[in-house]
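Colleague: So the chains spell out like this:
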Amino acid sequence: MYMRYADGLGKAFSTATIYNADTRLVKQVTPAALCGVWRSGGNLNVRGWSNITHIVIHTLIGSAATTIKHWNNGENCFPPHYVINKSGGITQMVAEYYYAQHAGSANTYSIGIEHEGGCYNTPACFSEALYLASTALVRDICERRKIPKDREHIIGHDEVLGTDHGDPGGYWDWDYYMALLQWDGSTASQKPQRIVLDYNSLFTFPQTASWKEGTRKWMKWGPSHEQSYAAKYYYATADATAKDDDVVQYEGTISDNGRWTLSAWWPVLADSNPAAQINVFTNNGDQAQRSVSAVYDQSARGLMARRTVALPSTHTWMAVHTFTLNAGDGVRIQVSRRSSKRGRVIADAFRLLKT
Amino acid sequence: MYIGGAQTNSQAQSQSTALGAPAVSGAPLALSADALKKAVTLNRVYARTIGWGNYTGQIAVRLGITAKNPDIWSFVQALANWQARDGIVPTGILGGEWYDLLTRQNR
Numbered sequence: 011m012y013m014r015y016a017d018g019l020g021k022a023f024s025t026a027t028i029y030n031a032d033t034r035l036v037k038q039v040t041p042a043a044l045c046g047v048w049r050s051g052g053n054l055n056v057r058g059w060s061n062i063t064h065i066v067i068h069t070l071i072g073s074a075a076t077t078i079k080h081w082n083n084g085e086n087c088f089p090p091h092y093v094i095n096k097s098g099g100i101t102q103m104v105a106e107y108y109y110a111q112h113a114g115s116a117n118t119y120s121i122g123i124e125h126e127g128g129c130y131n132t133p134a135c136f137s138e139a140l141y142l143a144s145t146a147l148v149r150d151i152c153e154r155r156k157i158p159k160d161r162e163h164i165i166g167h168d169e170v171l172g173t174d175h176g177d178p179g180g181y182w183d184w185d186y187y188m189a190l191l192q193w194d195g196s197t198a199s200q201k202p203q204r205i206v207l208d209y210n211s212l213f214t215f216p217q218t219a220s221w222k223e224g225t226r227k228w229m230k231w232g233p234s235h236e237q238s239y240a241a242k243y244y245y246a247t248a249d250a251t252a253k254d255d256d257v258v259q260y261e262g263t264i265s266d267n268g269r270w271t272l273s274a275w276w277p278v279l280a281d282s283n284p285a286a287q288i289n290v291f292t293n294n295g296d297q298a299q300r301s302v303s304a305v306y307d308q309s310a311r312g313l314m315a316r317r318t319v320a321l322p323s324t325h326t327w328m329a330v331h332t333f334t335l336n337a338g339d340g341v342r343i344q345v346s347r348r349s350s351k352r353g354r355v356i357a358d359a360f361r362l363l364k365t
Numbered sequence: 857m858y859i860g861g862a863q864t865n866s867q868a869q870s871q872s873t874a875l876g877a878p879a880v881s882g883a884p885l886a887l888s889a890d891a892l893k894k895a896v897t898l899n900r901v902y903a904r905t906i907g908w909g910n911y912t913g914q915i916a917v918r919l920g921i922t923a924k925n926p927d928i929w930s931f932v933q934a935l936a937n938w939q940a941r942d943g944i945v946p947t948g949i950l951g952g953e954w955y956d957l958l959t960r961q962n963r
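If you read the sequences in order, they're chains A and B.
Per my numbering, the first sequence starts with residue 11, numbered consecutively.
Per my numbering, the second sequence starts with residue 857, numbered consecutively.
Everything labelled a hint here was simulated from the structure, so no lab data went into it.
Wrong hints could be hidden among the right ones.
[To be verified] Lysine-lysine pairs mimicking DSSO-like chemistry, simulated, CA-CA at most 27 Å apart: (1) A:Lys242 <-> B:Lys893; (2) B:Lys924 <-> B:Lys893; (3) A:Lys351 <-> A:Lys253; (4) B:Lys924 <-> A:Lys96; (5) A:Lys230 <-> B:Lys924; (6) A:Lys96 <-> A:Lys159; (7) B:Lys924 <-> A:Lys242; (8) B:Lys893 <-> A:Lys227; (9) A:Lys79 <-> B:Lys893; (10) A:Lys242 <-> A:Lys222; (11) A:Lys364 <-> B:Lys893; (12) A:Lys230 <-> A:Lys242; (13) B:Lys893 <-> A:Lys96; (14) A:Lys351 <-> A:Lys364; (15) A:Lys230 <-> A:Lys79; (16) A:Lys227 <-> A:Lys96; (17) A:Lys96 <-> A:Lys79; (18) A:Lys201 <-> B:Lys894; (19) A:Lys201 <-> A:Lys159; (20) B:Lys894 <-> A:Lys227; (21) B:Lys924 <-> A:Lys227; (22) A:Lys222 <-> B:Lys894.
Given the structure is predicted, the values throughout are model-derived calculations rather than measurements.
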């Protein structure tokens, strides 16, 4: 397949198709043509190519199709350059040569990409197809425009100076996204891979009756440090005399040889435990890769959240340990109820990421 | 504790109709969202109390699940389909019939 740009460039592109919102509109974008109304200001002013130094990642609250339809009808018509839906379909709204009004102070120097949403309340919204299409597009833009593929230049809307928008939020997996972006897009053996183990995984089990199910707190913008990754998680009252098997256990199978980084996510709540023990075991042949244990302060929001321009605490993954593993290796993670400190221990989500 | 187990086809049909799912033998059925949630929660308990938790991987294979890191929602759905085929109330909750599922031929 080929993706076509409004400026006439063409390039082989294997993982996604680009659709123009309207061929006529994109080719001769004028505010009146795009939105049905004239907008003064930054929208659709011509700029020089050399001015494009950043890419801004957005997420939509609604579906891509509905939002594009609204824009074409002139409603709240501030489209970015591209919109990507859950299936990985890319729609170009504005030629890169023009400004788009997508990110306030960053409009003059950035290209904006919206991602299908409805997903402030679930990470599942960001599909594999969406990540692959988005990174393929951004990789291409970066190479054409000589933009470095790093977090200084690929930023979230929530990181733009002066913004009050919280997207793409903590469920957007920046680690996975940047790893995919660094990848060449074609060598299968080097493709980054991600395994998330949480309440929804088949091999996640509380091993005793001590563990109860918790439900994710409602959020408007999110997730903040208080939100769990999965809609449900397990928690238990800490006990200094709890037995070895008084754990929530997660089991995963490694899908490829390589360096796998294990990260953790839990909601930071007022009564969380300041000394929660996590044990990780693998059945890798190398003794050095077999196990690791660590104690974490689950009440510390600093471990689990970062400040963005828009929001004081946006949830993020916390790296636990990096293993060198082989395809087929088993990984067993245990969150223990045994703790010398008071407060409830939480077992929510773990991510294994091969970069 | 024993849940589910062998029941007659007429029982299966009347109860699965109450779940809003077709009781046609062999046809895939869709559990309601509430039934799915209930099944996930109870399976986690029964895996421990009834004891099939150590065989979850083998049971998943018998149900035709091939993913390396499957999710429990597809497990529950596959289980309900198997229960419907076998004339058991298709709850998606695995009780005493787990041993049957694991050991009997032609599943």
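Colleague: If you draw a straight line from the CA of Lys242 of chain A to the CA of Lys893 of chain B, is it 27 Å or shorter?
Modeller: Answer holds: Lys242 of chain A to Lys893 of chain B is near 10 Å, not above 27 Å.
Colleague: Given the hinted pair Lys230 of chain A and Lys79 of chain A, is their alpha-carbon gap at most 27 Å?
Modeller: 25 Å, holds
Colleague: Checking one constraint from the list: CA of Lys96 of chain A to CA of Lys79 of chain A, max 27 Å. Satisfied?
Modeller: This hinted pair holds, its Cα atoms lying about 16 Å apart.
Colleague: Are the Cα atoms of Lys893 of chain B and Lys96 of chain A separated by 27 Å or less?
Modeller: This hinted pair holds, its Cα atoms lying about 24 Å apart.
Colleague: With the threshold set at 27 Å, check whether the alpha-carbon distance from Lys230 of chain A to Lys242 of chain A stays at or below it.
Modeller: It holds: about 18 Å lies between the C-alpha atoms, which stays within 27 Å.
Colleague: Starting from Lys227 of chain A, check that the Cα of Lys96 of chain A is at most 27 Å away, please.
Modeller: 25 Å, holds
Colleague: Hinted pair, alpha-carbon criterion (27 Å max): Lys242 of chain A, Lys222 of chain A. Please report holds or violated.
Modeller: 10 Å, holds
Colleague: Does the structure keep Lys351 of chain A and Lys253 of chain A at a Cα separation of 27 Å or less?
Modeller: At roughly 16 Å apart (the allowed maximum being 27 Å), Lys253 of chain A and Lys351 of chain A satisfy the hint.
Colleague: Under the criterion that the straight-line Cα-Cα distance not exceed 27 Å, is the pair Lys201 of chain A, Lys159 of chain A satisfied?
Modeller: 16 Å, holds
Colleague: Quick one, are Lys924 of chain B and Lys893 of chain B close enough, alpha carbons at most 27 Å?
Modeller: 22 Å, holds
Colleague: When you check the alpha-carbon spacing of Lys351 of chain A and Lys364 of chain A, does it fall within 27 Å?
Modeller: Outside the cut-off at roughly 34 Å; violated.
Colleague: Starting from Lys924 of chain B, check that the Cα of Lys96 of chain A is at most 27 Å away, please.
Modeller: Answer holds: Lys924 of chain B to Lys96 of chain A is near 23 Å, not above 27 Å.
The structure does not agree with the numbered hints 5, 9, 11, 14, 18 and 21 stated previously, though it agrees with the rest.
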